[in-house]
Amino acid sequence: RQDVLVLTPWLAPIVWEGTFSRDILNAQYLQKNLVTGVVTFAVQKYWFFIEGFMRSANKYFLAGHHVNFYLFTDHPERISHLQMAPENHLFVIPVQTGSRWQDISMSRLDIISSYIQSQFQYEVDYLYSMDIDVQLLAHIGVEIIDALVATISSWQVTPQHENTADGTRPEAQAALPEGQGDFHYTASFYGGSVPEVYKLTRACLEGLMEDRENGFEMAPWHEERHLNRYLLHHRPTRLLSPEYYWDTEL
Amino acid sequence: RRQDVLTVTPWLAPIVWEGTFDPEILDSAYRPLNLTIGVTAFAVGKYTRFVRRFLESAERYFLRGYQVSYYIFTDSPQGLPPVQLQPGRRLVTVPIQKYSSWQEISMRRMEAINQHVAEVSHREVQYLFCLDIDMVFHNPWGPETLGDTVAAIHPGYFDVPREQFPYERRSSSAAFIPEGEGDFYYGGAVFGGLVKKVYEFTKTCHMTILADKANGIMAAWQEESHLNRHFLSHKPSKLLSPEYIWDDRKPKPPEIRLIRFSTVNKDYKEVRN
Numbered sequence: 001r002q003d004v005l006v007l008t009p010w011l012a013p014i015v016w017e018g019t020f021s022r023d024i025l026n027a028q029y030l031q032k033n034l035v036t037g038v039v040t041f042a043v044q045k046y047w048f049f050i051e052g053f054m055r056s057a058n059k060y061f062l063a064g065h066h067v068n069f070y071l072f073t074d075h076p077e078r079i080s081h082l083q084m085a086p087e088n089h090l091f092v093i094p095v096q097t098g099s100r101w102q103d104i105s106m107s108r109l110d111i112i113s114s115y116i117q118s119q120f121q122y123e124v125d126y127l128y129s130m131d132i133d134v135q136l137l138a139h140i141g142v143e144i145i146d147a148l149v150a151t152i153s154s155w156q157v158t159p160q161h162e163n164t165a166d167g168t169r170p171e172a173q174a175a176l177p178e179g180q181g182d183f184h185y186t187a188s189f190y191g192g193s194v195p196e197v198y199k200l201t202r203a204c205l206e207g208l209m210e211d212r213e214n215g216f217e218m219a220p221w222h223e224e225r226h227l228n229r230y231l232l233h234h235r236p237t238r239l240l241s242p243e244y245y246w247d248t249e250l
Numbered sequence: 001r002r003q004d005v006l007t008v009t010p011w012l013a014p015i016v017w018e019g020t021f022d023p024e025i026l027d028s029a030y031r032p033l034n035l036t037i038g039v040t041a042f043a044v045g046k047y048t049r050f051v052r053r054f055l056e057s058a059e060r061y062f063l064r065g066y067q068v069s070y071y072i073f074t075d076s077p078q079g080l081p082p083v084q085l086q087p088g089r090r091l092v093t094v095p096i097q098k099y100s101s102w103q104e105i106s107m108r109r110m111e112a113i114n115q116h117v118a119e120v121s122h123r124e125v126q127y128l129f130c131l132d133i134d135m136v137f138h139n140p141w142g143p144e145t146l147g148d149t150v151a152a153i154h155p156g157y158f159d160v161p162r163e164q165f166p167y168e169r170r171s172s173s174a175a176f177i178p179e180g181e182g183d184f185y186y187g188g189a190v191f192g193g194l195v196k197k198v199y200e201f202t203k204t205c206h207m208t209i210l211a212d213k214a215n216g217i218m219a220a221w222q223e224e225s226h227l228n229r230h231f232l233s234h235k236p237s238k239l240l241s242p243e244y245i246w247d248d249r250k251p252k253p254p255e256i257r258l259i260r261f262s263t264v265n266k267d268y269k270e271v272r273n
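Those protein sequence lines, which keep their order, are chains S and C.
Each residue of the first sequence is one higher than the one before, starting from 1 at the first, in the numbering used here.
Each residue of the second sequence is one higher than the one before, starting from 1 at the first, in the numbering used here.
Do not take every clue at face value.
Said to hold, decoys possible - Residues on chain C that point at chain S, a partial pick, calculated with CB under 10 Å: (1) Thr9; (2) Ala13; (3) Pro14; (4) Ile15; (5) Glu18; (6) Ile25; (7) Lys98.
In case anyone wonders, no lab produced these hints; they're calculated from the structure.
Glycine included, C-beta positions come from ideal geometry on N, C-alpha and C.
Kindly generate the complete structure, drawing on both the sequences and the hints.
Structure follows, in structure tokens:
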């Protein structure tokens, strides 16, 4: 691919169709005997998306490899019988996250980090957080497996650009200093090795809690802003191109 | 950004060329880690004459500002010239036996490096580079080179079709690579990575070298052939472009914008005697 940027200035590959051989990567993945987990949340009305997500993820996410799907939901009774591929496992975990979406956002990070500590670290090597309101339309394979992986949602080209996706309260903890920030990453699909995801979710959670303590009313994009701030200082080892990102508002 | 060369392998390992990376970003990521990087180099017999230029140029260009331990493997520790080192950098001589032929010396390197890692360097460094001594640094070699397993693309074969790679082609050798296989031709003069990984692959290469010895066969390019065999089945996590392993006898093509590390001109017959 010569039409796109395939390497960041810190030498992390940017994954686009055509830049990799899935065969070679599959062989490497199998060589290392790895297990990958996906964590996703279906809270309140989002139970509606479960079937579509699970069906497509079961078919397209790391097809042929052993995947643990951890589905956190406050509507476990709404889950119809889902046919899973033989190598995949689905764990339905009931949760109560409160009715305010602000609490839900923080709960997600809290739940992911505490479950990593108590359970996931013993069950998987790599862990990915995905929004439930998506359907996979094509294979997402082991090209996503690396230490710290984020998905580009939009192209913020040069360091001179101020990140326009940032909110209007620059004093909030996650405000990026002017002139910084290269790529903008989406909070709807990120992951990596279990230790790295743990550090990331804890850092974002602490950032959000500090914002709340300082009286900042949370906006919907705050979780993503904390994610971006973390990734500015702990650069991803691999980036997924916008091919891997679905904007449900589009 | 480079569009004239391949910068990512099909297994998503970066290929490091001038213009693909920002040294400041990488420095800001690596400096806080307080790393010590080791370098092994073999100066046996007449090769001790290369030590001064190697070290002096390394002090100027190799991971400048980082802690570095140079492990010079030699059969004549007293024959090494004294070289002034920057703070945070040290020289350690590792006595080794001199073998009868240069090929033998070359092949024993894997064993020597492996043993030394096990006994000494695993405690002292986090990353280790294994370099040829008869070479000189001409431009910065920085933390862009650090990775789990690092190999360098041989300057003679980076723009040549794989059928022409000088892999070992005899199936009786443990370094055998059949026609139609192979990603790159890696040079034996530069390789490295995390010290644990270097331990693992030097051990594997040493084993395959011994297997060949037992079968009375020596691979076409000694341990370089075995290294290529290993890196075919266990692909490196990072590749260095020929900027990092140049041969000054070659004319410089446009893709090579910067020569960082290259051979010293020498009379091979005289030095290998």
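Problem set entry | Structure versus earlier hints - violations, ascending order | 5 and 7
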